[in-house]
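Q: The task is simple: from the sequences and hints, build the whole structure.
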Amino acid sequence: MDMMRKYIEYIVLFLFLLSCSSKVEILTGDSQYQPFAPDGIPFVVADSMWNVDMRGNHRAVVRVSDINSNTAVKAVLPWRRPDLRPETKKVVVVDGQTGIEIKNVEILDFSSESGTIIFEPISGEGLYYIYYLPYKYRKGAGDARYGKPWNDYLPPIYEVDGKWKSELPTNLPIAQVLRFESRTKLDAFTPMGIIATIDETDSLLQQYPETPILFPEDRAFPIRLTDRLPIRWIEKGPAKSFAGVALRNEYYVWQIGVWAAHEGLDNVKLSFSDLKNGSTKIAKESITCFNQEGINWDGKPISFDIQIPKGKVQALWCGVQIPEDAKIGTYVGAIDFQVNEVVTKTIPLEITVTGEVLADKGDGDLWRHARLRWLNSQIGEDREPVTPFLPMKVNGNIIQATEKTFRIASNGLPASIEINGKQVLAKPFRFVVVTNDGDIAFDAEDAVLKKEADGMVSWISSYEKDGIHFISNAFMEYDGYVHYDLKVSTERDLIVKDIRLETDYTPYASEYFMGTGFDGGFRPVTYQWNWDGPWDSYWMGNALAGLHVEYRGGSYHGPLLNDYKPAPSRVWANSGKGMIKVSGAKGLGAKVIASTGVDTLSIQPKNYEFALMITPSKRLNSGKHFSERYYHAIHSGFDKAAEEGANIINIHHAKPLNPVINYPFIVRDSLVAFIDHEHKFGRKVKLYYTIRELTNYAQEIYALKSLNHEIFVSGPGYGLPWQCEHLIDDYKPAWYTELPQDCSDAALVLNGFSRWINYYLEGLRWMFENYEIDGIYMDDVSFDRTVMKRIRKIIAKYRPDALIDLHSNTGYSIGPANQYTDFFPYVDRLWFGESFKYNQMRPDEWLVTFSGIPFGVMSEMLQDGGNRFLGMVYGTTARHSYGRFSPAPVWNLWKSFGIEEAKMLGYWDEFCPIKTSDPEVKATAFVKTDSILISVGNFSESDRNVHLIIDWNSLGMDKTKALLKAPFVNDFQQASTFSLDEMIPIKRKEGLLLILSISK
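The sequence shown begins at 1 in full-length UniProt numbering and counts up one residue at a time.
Just so you know, these hints were derived from the structure itself, not from any lab. Being a predicted model, the structure only gives us computed values, none of them experimental. Where a beta carbon is used, it is the ideal one built from N, C-alpha and C, also for glycine. Please note that the accuracy of each hint is not assured.
Between beta-carbon pairs, the in silico distance windows are [stated by the list, open to error]:
#1 276 with 146: 50 to 56 Å
#2 676 with 576: 19 to 25 Å
#3 127 with 310: 42 to 48 Å
#4 670 with 152: 28 to 34 Å
#5 709 with 740: 31 to 37 Å
#6 605 with 576: 19 to 25 Å
#7 327 with 740: 17 to 23 Å
No farther apart than 30 Å at their CA atoms in a straight line, the calculated lysine-lysine pairs in the DSSO-like style are these [stated by the list, open to error]:
#8 281 with 361
#9 581 with 655
#10 895 with 837
#11 269 with 284
#12 618 with 903
#13 74 with 103
#14 655 with 136
#15 497 with 565
#16 269 with 281
#17 422 with 586
A: Shown next, in the form of structure tokens:
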């Protein structure tokens, strides 16, 4: 019966579609690439690719015939090109028979609409190719963010023979233009990218005197142009209605093209009716316009004021969820087009639903643009803890959060912080306003903790004295993050001498310091910073206890302050009068004062926002670190690397299985096959996937650009030729990578915080479900810990054993250990990174700025392969196939020793049982019950002889039965045996791996 009903439904649908086929066009992902001929000359995608260097992506194919004895022919080329400044680009003519570039070329007329040229047909009759956007192909990789704008186009310089030019006759044979070719589909202008002429546009203006003029379009024809009309709109004309075809369970997307033809439009908005099919309806609440509304990256509703200047074109992208059990047939509704809250047009809307069901809503077919709904996703948003964190507990004024104890004072400020049995604070925080009449401290007594969820506790407190009002809203989350909004106002304007936040640290928790312009290492006795530079935070602490403090209120608080260069917090920086002051004698506690200097308070509250992160965020798991050994090169070499111990591969972008940056959705079948192969051997496969820039291969690129800088940063344009030809201008080019077949990955800079984050997170979920990837490799990302929490929760739900490793170039992020501190609860591995000068770093710098150990995570080396001797003091190597020396020999030692079962105790740990006689030669012990692996590193500038100072009691070993050997490690050390009391020679910047064991 079910089969019969389904058969009848299909017959009914077929007859229905047949009856309305004249008005409903069935479109696919290839529709926009079909040949079209606006001037009787077809635009097509070439059958095969030509050499792009010095030629470009576009050409006209012309035929020369009946030239008799003429040495020149004329070609009229109605190319309708959308690029800016066409007159600054050369035209290259190539003989189709010999491939020789023709020197004698004369330009008669040149504009965006057409060009007229004369050239010498050196082989007589036959085919000639006219390349009208030629450029020098850029090889390798690079970053277009910095320096002068890139312009790879060939300038209009010609080597014309003077005699040939002087003898040109008045009447010349006309070459026949057979077609215009684009090198690839990606290069194709399509009917939406080829411009209408000014005459065609003026004619349309005269026919349609109203504003706006609307051009509804299916998602199969993305609207590209904003300053010119596309030829498709000239040919089909404006439309009073829209009809589309969708499948069951599809998220169906379409566009309303708005041309502000005669005047500008303010406060543009679309509103939708229900879609009805008989008694069945699709509710209007399931329809949205992405340009005007949505859910922001932080889970909050967001709306946009749409302004369309006179003469501009604006695409409004819309979408509706078709129910999986939708009744087949045509659903009818309407779209009201409003300007300044007045309906100026009503657009009838028809969506014909067919019987086929899309299991994934269309996500697998990129051309459908169904993934645009991901922009409004709230995936991973909740207030619950995620593994390894436990539910929070509240007892009076004390919060317990997974090995962290946080106690608030009666005013709500931190009174004490304890972690790993160590106290962080020497005394409670103090917030004070300094007036001419003395100090007025925030001395509220009404703070009460409220558990909002297992992952969040909040509290409010308020206070008033001498006309100064304080109100504090604070919360703490399960990972040790604490956030304060402390607002201060007065009943009348009041000039104050200073406003200060004072923090006092214990001696243990103030040994090391970094941030606010200080590179990192041992805390200086005094330090001062005046908000000059790309920082807004510091970390003070030690290996087992510390605190990261961020002074918020600026325009951006992600980790890439050096890249985005946001304005600092107005209240803390206070127009250059603000100051961060650190003081405290070595070995004693330290005080940090955030001082605003002279300021004026008023009835308008000022928010002294700050955030804390208790460190380490989680317990260090060195065994897990040593069990996960990374290979970081082309996938075809992974099986060989696995024979040497590698068990995780990061597939970088610009690689065959992940060719373009931050959009790993193009190569699928071969990627899945590779992942399946590696999973059979228990190995993990991770992908480069980050947010900072986005490839030009993203299917949604035109839709994203229509969102008017919500997602893509505004900029001068230029960059790679593809960007100039298709995005035209008003973007900021980013990373570039050469691709096979002379193609290019030309990325765009993304805003740090936008709805693209939601898309990114849904993309991660999609890859877990469809690829079964084992995690992601993040490369200097722009978002913050809120997004990291969501990522970890997606992992917990869809791929619990998946991993995240974070890479940073300290020359780019300017201190990643400090900038990314609040990421560390969710990161499994660090890769720090380019610009680290390992051979110049002191041990305290290694520990604080590189190792990750004070934060509960461990790192690997990158720049120049790192220093394999000193790195092992921190349990780190370089990655396989990423440096001069392979880590495989050291991995073999790890395996033979059983380092995964050992307890790691470094020189920074008060219980480390091994020390050396030289303070510049450090030792770390990897302790097992019957043996100890000792990594000794000489950080000094000279060779040293040291002896080991061993705490035999803590080890439970009998010195008289102990043996000390240096095992052979290829490319690292020769085998040696040492007596326990002899001096051991260690070369400068090198080290030894020793095994201490009991003789049998």
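Q: Look at each hint and say if it fits the structure.
A: Hints, verified against the model:
1. 276 with 146: 50 to 56 Å: 55 Å, holds
2. 676 with 576: 19 to 25 Å: 58 Å, violated
3. 127 with 310: 42 to 48 Å: Holds, since residue 127 and residue 310 (Cβ atoms, about 45 Å apart) stay within the stated range.
4. 670 with 152: 28 to 34 Å: 31 Å, holds
5. 709 with 740: 31 to 37 Å: 33 Å Cβ-Cβ, so the 31 to 37 Å window holds.
6. 605 with 576: 19 to 25 Å: 22 Å, holds
7. 327 with 740: 17 to 23 Å: Given about 47 Å between the Cβ atoms, the range is violated.
8. 281 with 361: 19 Å, holds
9. 581 with 655: 47 Å, violated
10. 895 with 837: Since the Cα atoms of residue 895 and residue 837 sit roughly 29 Å apart, the hinted pair holds (cutoff 30 Å).
11. 269 with 284: 15 Å, holds
12. 618 with 903: It holds: about 16 Å lies between the C-alpha atoms, which stays within 30 Å.
13. 74 with 103: 15 Å, holds
14. 655 with 136: Since the Cα atoms of residue 655 and residue 136 sit roughly 23 Å apart, the hinted pair holds (cutoff 30 Å).
15. 497 with 565: Answer holds: residue 497 to residue 565 is near 29 Å, not above 30 Å.
16. 269 with 281: 23 Å, holds
17. 422 with 586: The given pair, whose Cα atoms are some 18 Å apart, holds under the 30 Å limit.
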